[in-house]
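With the sequences and hints as input, model every part of the structure.
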Amino acid sequence: MTTFLTVLVGLSMFATLGVMFAGMLGLARNEAAGGARSNRLMRWRVALQGVTLVLFLILILATRG
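Numbering (the working numbering), first residue to last: 1 to 65.
Hint data in this document are derived by calculation from the structure and do not stem from the laboratory. If you're wondering where the values come from, they're calculated on a predicted model, not measured in any experiment. Each hint should be verified, as a subset may be incorrect.
[Stated by the list, open to error] Pairwise CB distance ranges (calculated): (1) Ile60 / Ala15: 17 to 23 Å; (2) Leu25 / Thr3: 31 to 37 Å; (3) Met1 / Arg37: 34 to 40 Å; (4) Phe4 / Met24: 29 to 35 Å; (5) Ala36 / Ala62: 22 to 28 Å; (6) Gly35 / Thr2: 40 to 46 Å; (7) Ala62 / Met20: 23 to 29 Å; (8) Arg64 / Asn30: 44 to 50 Å.
Built from N, CA and C at the ideal position, the CB exists for glycine as well.
In structure tokens form, the structure reads like this:
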């Protein structure tokens with residue numbers, strides 16, 4: 001169980017990082033319609049960060065007990 005949670009935390013961290021970089025690259029390119037896309041990507045980033053934190057807390061609780 002702990003190994004599975006560790007893999008999930010790692011995957012969610014990399015997914016968060018990927019979405020964050022995609023949003024930053026969109027802003028750096030200064031696309032005409034990039035505002036809406038960048039805003040959507042940043043909302044995804046926040047959601048993925050929340051998922052990562054919840055998984056991390058579950059992992060910590062699973063290793064304690």
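| said: The hint says 40 to 46 Å between Gly35 and Thr2; measuring C-beta to C-beta, is that right? | reply: Given a distance of about 42 Å, which is inside 40 to 46 Å, the answer is holds.
| said: Within 23 to 29 Å: is that where the Cβ-Cβ distance between Ala62 and Met20 falls? | reply: 27 Å, holds
| said: Quick check on a hinted range of 29 to 35 Å for Phe4 and Met24, using CB atoms only. | reply: 31 Å, holds
| CB of Arg64 to CB of Asn30, is that within 44 to 50 Å? | 47 Å, holds
| said: For the hint 34 to 40 Å, verify it against the beta carbon of Met1 and that of Arg37. | reply: 38 Å, holds
| query | Holds or violated: 31 to 37 Å for the Cβ distance of Leu25 and Thr3? | reply | 33 Å, holds
| task | Kindly confirm whether 22 to 28 Å is satisfied by the beta carbon distance between Ala36 and Ala62. | result | 39 Å, violated
| field | Range hint compliance [Cβ, Ile60 to Ala15, 17 to 23 Å] | value | 20 Å, holds
Checked against the numbered hints listed earlier, the structure breaks hint 5 alone; every other hint is satisfied.
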